[in-house]
Amino acid sequence: ETGVTQSPTHLIKTRGQQVTLRCSSQSGHNTVSWYQQALGQGPQFIFQYYREEENGRGNFPPRFSGLQFPNYSSELNVNALELDDSALYLCASSAWTTEAFFGQGTRLTVV
Amino acid sequence: SQQGEEDPQALSIQEGENATMNCSYKTSINNLQWYRQNSGRGLVHLILIRSNEREKHSGRLRVTLDTSKKSSSLLITASRAADTASYFCATDQGDSWGKFQFGAGTQVVVTP
Chain A
63 ETGVTQSPTH LIKTRGQQVT LRCSSQSGHN TVSWYQQALG QGPQFIFQYY REEENGRGNF
123 PPRFSGLQFP NYSSELNVNA LELDDSALYL CASSAWTTEA FFGQGTRLTV V
Chain B
19 SQQGEEDPQA LSIQEGENAT MNCSYKTSIN NLQWYRQNSG RGLVHLILIR SNEREKHSGR
79 LRVTLDTSKK SSSLLITASR AADTASYFCA TDQGDSWGKF QFGAGTQVVV TP
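Chains as they are written, first to last, in my numbering: chain A, 63 to 173; chain B, 19 to 130.
Be a bit skeptical, because a hint or two may be false.
Said to hold, decoys possible - Beta-carbon label-pair distances, calculated as ranges:
#, chain 1, residue 1, chain 2, residue 2, range
1, A, Gln79, B, Glu73, 47 to 57 Å
2, A, Pro132, B, Gln32, 44 to 54 Å
3, B, Ala100, A, Ala157, 44 to 54 Å
None of these hints come from the bench; they were simulated from the model.
These numbers were taken from a predicted model, which means no experiment stands behind them.
Ideal Cβ placement from N, Cα and C applies to all residues, glycine included.
All chains, full assembly: derive it from the sequences and hints.
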């Protein structure tokens, strides 16, 4: 158990819809990073939040957005879903410069 | 482009044997972390090795880091069926703590 929890576990959405994924970080961790993992590939960095501010972004379009709350939990929002957005979405929490621990992920299927 | 590249892509061994996989990267790093993933679930943290360290151990795991060759290796000794999983290395550079770059992973199958 890492103490990092993600919800929901699985989700099916229709193309064009919007989705919100949630991540509760481990106690004492102020940094949350989000990753997208397509089937058979390694995770790809989406963005990171540090103390409620976005702190870097990968090569993802603006329809991928996020938030971090004062308790350091975080949300990932994806608008105008496309079929290629189907993937496992992972969040990782850490304190600055310590090990990063991942949640179990949210499996998103876009139909 | 991917920073970490694991090698081999797949590895099949029998219980009790050792498993070795390698990770190569392209640019200087702050740290390198190894993770395990079972059947498309979340990543389980195995070991963090910092750029000024050369070797770390954790139970049956041994990780080495050679910054001159920009490579790392993960050795699992006396493997068990439960070690069947995909293994990833994750690197970060500069001020980009936690903004990991992953390779495609090494898929390890341990047969009883």
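Structure-based check of all given hints:
1. Gln79/A - Glu73/B: 47 to 57 Å: At roughly 49 Å between Cβ atoms, Glu73/B and Gln79/A fall inside 47 to 57 Å, so the hint holds.
2. Pro132/A - Gln32/B: 44 to 54 Å: 51 Å, holds
3. Ala100/B - Ala157/A: 44 to 54 Å: Given about 29 Å between the Cβ atoms, the range is violated.
In this structure, the one hint that does not hold is number 3.
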